[in-house]
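Go ahead and model the full structure; you've got the sequences and the hints to work with.
Protein sequences, first through last, are from chains A and B.
Quick note on my numbering: the first sequence kicks off at 1 and runs consecutively.
Quick note on my numbering: the second sequence kicks off at 481 and runs consecutively.
There could be a bad hint or two in this list.
Below, a list of computed lysine-lysine pairs in the DSS-like style, where the Cα atoms sit at most 27 angstroms apart [claimed, not checked]: (1) A/K204 / A/K168; (2) A/K454 / A/K23; (3) A/K111 / A/K288; (4) A/K170 / A/K180; (5) B/K689 / A/K454; (6) A/K454 / B/K672; (7) A/K256 / A/K73; (8) A/K204 / A/K288; (9) B/K686 / A/K23; (10) A/K385 / A/K73; (11) A/K45 / B/K686; (12) B/K686 / B/K650; (13) B/K740 / B/K650; (14) A/K404 / B/K548; (15) A/K466 / B/K686; (16) A/K84 / A/K256; (17) A/K84 / A/K73; (18) A/K180 / A/K115; (19) A/K180 / A/K168; (20) A/K385 / B/K589; (21) B/K672 / A/K23; (22) A/K454 / B/K686; (23) A/K404 / B/K589; (24) A/K292 / A/K111; (25) A/K170 / A/K23; (26) A/K170 / A/K45; (27) A/K256 / A/K288; (28) B/K589 / B/K548; (29) A/K168 / A/K23; (30) A/K466 / B/K672; (31) A/K466 / B/K689; (32) A/K168 / B/K686; (33) A/K23 / B/K689; (34) B/K650 / B/K613; (35) A/K292 / A/K84; (36) A/K115 / A/K288; (37) A/K204 / A/K115; (38) A/K404 / B/K672; (39) A/K204 / A/K170.
FYI, nobody ran anything at the bench for these hints, they're computed from the structure.
Keep in mind that this is a model prediction, so the values were computed, not measured.
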Amino acid sequence: MNAPQTPHTLHFMPSAGFRARSKNVVENPFLRQSFRGAMDFLMSKRAAQFPDAEELESLRSLGERIRQYNLAKLPDLLLRLEDKLTGNGIQVHWAETPEEANEIILGICHKHSAKLMVKGKSMVSEEIELNHAAEAAGVGALESDMGEYIVQLANEKPSHIIMPAIHKTKEEIASLFAEKVEGVDYTDNVDALIQIGRTVLRQKFLEADIGLSGVNFAVAETGTLCLVENEGNGRMCTTAPPVHIAITGIEKIVEKLEHVPPLYSLLTRSATGQNISTYFNMISGPRKPGEKDGPGEVHLVLLDNGRSQAYADEQLRKTLQCIRCGACMNHCPVYTRIGGHAYGTTYPGPIGKIVSPHMLGLEATAGLVTASSLCGACGEVCPVKIPIPDLLVRLREEAFSEPKANPAMRGQGAGHNGLISNIWRGWAMVYRSPTMYRAVSWLTSRFNWLTPSKQGAWTSVRVPLKPAPKRLRDMLAERR
Amino acid sequence: MTRTPPNQTPPRDVYFFATCVVDQFFPGAGMDAITLLERQGLRVHFPEQQTCCGQPAYTSGFPDEARKVAAHQLTLFPNDWPVVVPSGSCAGMMKHHYPTLFASDPARKAQADALSGRIYELTQFLVEVLNFKPEDCGSDCTVVLHTSCSARREMNVHVTGRQLLGDLAKVTVAQQDHESECCGFGGTFSVKQPEISGAMVEDKVKALKATSAERVVSADCGCLMNILGHAAWKDQQEGRTQPALPGEHIASFLLRRTSKETAR
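Right, dumping it as structure tokens:
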């Protein structure tokens, strides 16, 4: 990794550049085709898992209820989780900001004079930019999930929360390996590429001082951390190194063990179209006396980073129901057109558009909330029924309304524009008054030849809109 | 979503909420929808005071403005008759979003709830309430149907348009690739994110053309504005004088196919 390490510029690309970034992708026929193909594949995998519409509907309702039940009890469950985990010998840390989370993790690294941290897939670690913070602190951070490993080699960010390297072709990966991995010749044989990765990583699991992982479900009643993965690297990260640090958002908690199976099933079936993942790890403490393996120390870092802001509002709280399956991006016509990097946020796609404003503030994300036709495909497939389109409409209101005294969100009103607001005010004046509407629509019909032929962005790929010479009400009046 | 049982008398009177797009841009579609309903023996009432459902402001993040406009529409339908809307999108707004919009205004909330139960998208009304079985008077023809996202996912009426076309004996309904995908209109989305919207409508028009259907029909004029607007732009770009993808509202197509004098 010899690119400049500037954590907070690489970290996030402001939404002001979103249009330019999406234009770049949209104008690239190769990328367009490639994203379309990948999303078609993922959609068909998921569809094959849910042949029965009624079963799917009842599962989604169950998923929604489990998530809402647990969110309703969240403050209490967090305390119970801490209590149980502590009893099990897992050390619990609370972090309000990414900086605090990094400080905690690197503090543990320093305590153990760690040189190398090997990482299982964790989007929360991406959210806090742990790799950059670790490099800056002199701790090597190596991704061990194959997709994450590829993305790290390329010095990029994941473009999808489940398939981080979905934007790359196997040829690109072949060239990357030949260039960046010592002693590797070019091969675009996928099995061979995976073997190369595994060989490199196998050694690193043994060398690493710290293993880092995410958490899919943290169970309060038992003090168990559940980790879903397919490659076995998660198990390696959480068992081989002497210290395991898990990090997760405060919302990933369930009260009971029995809440896990339905959510787990919805997760794998929605995400990758798998009945079940290859590995399911349940971590309930460090190595006990007499046990032959496992880390001597286990830590859990619970991160807020804007989640309690979403939690405080009844409607926005639904954002936290997410189990990070990525189905919303797979089915999103916008994501399919532009891929994940264009968003400039850790979490792309529909879920990214509703969760990022809480993490980064609306100042930085107001532009993203308009990037949806509100087609509803995301809400339709969400396994826990997050009403993503409704939340986008709400975020638009938060972004574009005048700054208020007690805002529900950081950056409320950041997208406020006096001119646009006045246009809508004028629009409402016309359309709330039948007299005004009749007059204005009469004029636009009678003088439709005055309709401009250039209508801004509309006419970039469409003919101009032209009112008909007679309105429906005129035609009806003539008929009588 | 229950069909009127055969022995139950269908309503004698209905309101017609044309939508601002039909009133100003597709008046012919509105006339044809009204004629279709009248031919089924209904008295169609067009409240002269109607304007717009308020959706443009609502989806753009201006609920106060949407509320003002919606509040006016709430007053237009005093009798307990069905309200037929020739658009899944505007019907979805009135049926599903009016009650939320007026959540903190008890009087209007009650009105919105009552209205919500009476809102029907046109093809839904034809199939589910009138049990309308169109009799085809035309010759062989292939069409392709585009269903709006609101009709599909909010109103859940994507089956009724297809059913009506399926009842036409000589009409073949072609199947387009990625049928359920959005055309890219999305109201102000089309001008706020023109690159993405443009890519979506480009793909949609390609998929529709690839079916070789003679025309596209849709029950939503918003989608038609976008799809036909792009198809016509393509015609201009490629120097065609005849449209490669003509299209119309499903009401116009149904009326023509079922009228002996105009069937083609």
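Hint check:
1. For a cut-off of 27 angstroms, the pair hint linking A/K204 to A/K168 stands: about 24 angstroms separates their Cα positions.
2. At roughly 21 angstroms between alpha-carbon atoms, A/K454 and A/K23 fall within 27 angstroms of each other, so this suggested pair holds.
3. For the given pair, A/K111 sits about 21 angstroms from A/K288 by alpha-carbon distance, which is consistent with the 27 angstroms threshold.
4. A threshold of 27 angstroms between alpha carbons decides the hint, and for A/K170 with A/K180 the separation of about 15 angstroms falls inside it, so the pair holds.
5. The straight-line distance between the Cα atoms of B/K689 and A/K454 is roughly 26 angstroms, inside the 27 angstroms bound, and the hint therefore holds.
6. Pair hint A/K454 plus B/K672 holds up; C-alpha atoms about 16 angstroms apart against a cutoff of 27 angstroms.
7. Our distance criterion of 27 angstroms between C-alpha atoms is met by A/K256 and A/K73, whose separation comes to about 12 angstroms.
8. Proposed proximity of A/K204 and A/K288 is supported: the alpha carbons are some 24 angstroms apart, at most 27 angstroms.
9. Straight-line distance between C-alpha atoms of B/K686 and A/K23 comes to about 19 angstroms, which keeps the hinted pair within the 27 angstroms bound.
10. Distance check on the hinted pair: A/K385 and A/K73 sit about 19 angstroms apart at the alpha-carbon level, within 27 angstroms; holds.
11. Note on A/K45 and B/K686: the hinted pairing holds, with a Cα-Cα distance of about 25 angstroms set against a maximum of 27 angstroms.
12. Our distance criterion of 27 angstroms between C-alpha atoms is met by B/K686 and B/K650, whose separation comes to about 25 angstroms.
13. The straight-line distance between the Cα atoms of B/K740 and B/K650 is roughly 14 angstroms, inside the 27 angstroms bound, and the hint therefore holds.
14. Annotation: proposed proximity of A/K404 to B/K548 holds, straight-line Cα distance about 20 angstroms (limit 27 angstroms).
15. Restraint check for A/K466 and B/K686: satisfied, since their Cα atoms lie roughly 24 angstroms apart, inside the 27 angstroms limit.
16. Only pairs whose Cα atoms come within 27 angstroms are accepted, and A/K84 paired with A/K256 is accepted, the gap being roughly 12 angstroms.
17. Restraint check for A/K84 and A/K73: satisfied, since their Cα atoms lie roughly 16 angstroms apart, inside the 27 angstroms limit.
18. Of the supplied pair hints, the one linking A/K180 and A/K115 holds, its CA atoms being roughly 21 angstroms apart against a limit of 27 angstroms.
19. Distance restraint check for A/K180 and A/K168: the Cα-Cα separation of roughly 16 angstroms lies within the 27 angstroms cut-off, and the hinted pair is therefore satisfied.
20. As the CA atoms of A/K385 and B/K589 are separated by approximately 25 angstroms, the hinted pair is consistent with the 27 angstroms bound.
21. With a CA separation close to 13 angstroms, the supplied pair B/K672 and A/K23 stays within the 27 angstroms bound.
22. Annotation: proposed proximity of A/K454 to B/K686 holds, straight-line Cα distance about 24 angstroms (limit 27 angstroms).
23. Restraint check for A/K404 and B/K589: the C-alpha separation of about 25 angstroms stays at or below 27 angstroms, so the hint holds.
24. This hinted pair checks out: A/K292 and A/K111 have alpha carbons roughly 24 angstroms apart, not beyond 27 angstroms.
25. The straight-line distance between the Cα atoms of A/K170 and A/K23 is roughly 24 angstroms, inside the 27 angstroms bound, and the hint therefore holds.
26. With a C-alpha separation of about 20 angstroms, the suggested pair A/K170 and A/K45 falls inside the 27 angstroms cut-off, and the hint holds.
27. For the suggested pair A/K256 and A/K288, the alpha carbons sit about 24 angstroms apart, so the restraint of at most 27 angstroms is met.
28. Restraint check for B/K589 and B/K548: satisfied, since their Cα atoms lie roughly 13 angstroms apart, inside the 27 angstroms limit.
29. Pair hint A/K168 plus A/K23 holds up; C-alpha atoms about 19 angstroms apart against a cutoff of 27 angstroms.
30. Distance restraint check for A/K466 and B/K672: the Cα-Cα separation of roughly 20 angstroms lies within the 27 angstroms cut-off, and the hinted pair is therefore satisfied.
31. About 24 angstroms separates the Cα atoms of A/K466 and B/K689, which keeps this hinted pair within 27 angstroms; it holds.
32. Note on A/K168 and B/K686: the hinted pairing holds, with a Cα-Cα distance of about 26 angstroms set against a maximum of 27 angstroms.
33. For the given pair, A/K23 sits about 24 angstroms from B/K689 by alpha-carbon distance, which is consistent with the 27 angstroms threshold.
34. With a C-alpha separation of about 14 angstroms, the suggested pair B/K650 and B/K613 falls inside the 27 angstroms cut-off, and the hint holds.
35. Straight-line distance between C-alpha atoms of A/K292 and A/K84 comes to about 24 angstroms, which keeps the hinted pair within the 27 angstroms bound.
36. Between A/K115 and A/K288 the alpha-carbon distance is near 25 angstroms, which keeps this suggested pair within the 27 angstroms criterion.
37. A C-alpha spacing of about 11 angstroms is found between A/K204 and A/K115, which places the hinted pair at or below 27 angstroms, so the restraint holds.
38. Straight-line distance between C-alpha atoms of A/K404 and B/K672 comes to about 24 angstroms, which keeps the hinted pair within the 27 angstroms bound.
39. For the proposed pair A/K204 and A/K170, the alpha carbon gap of about 24 angstroms is at most 27 angstroms, so the pair holds.
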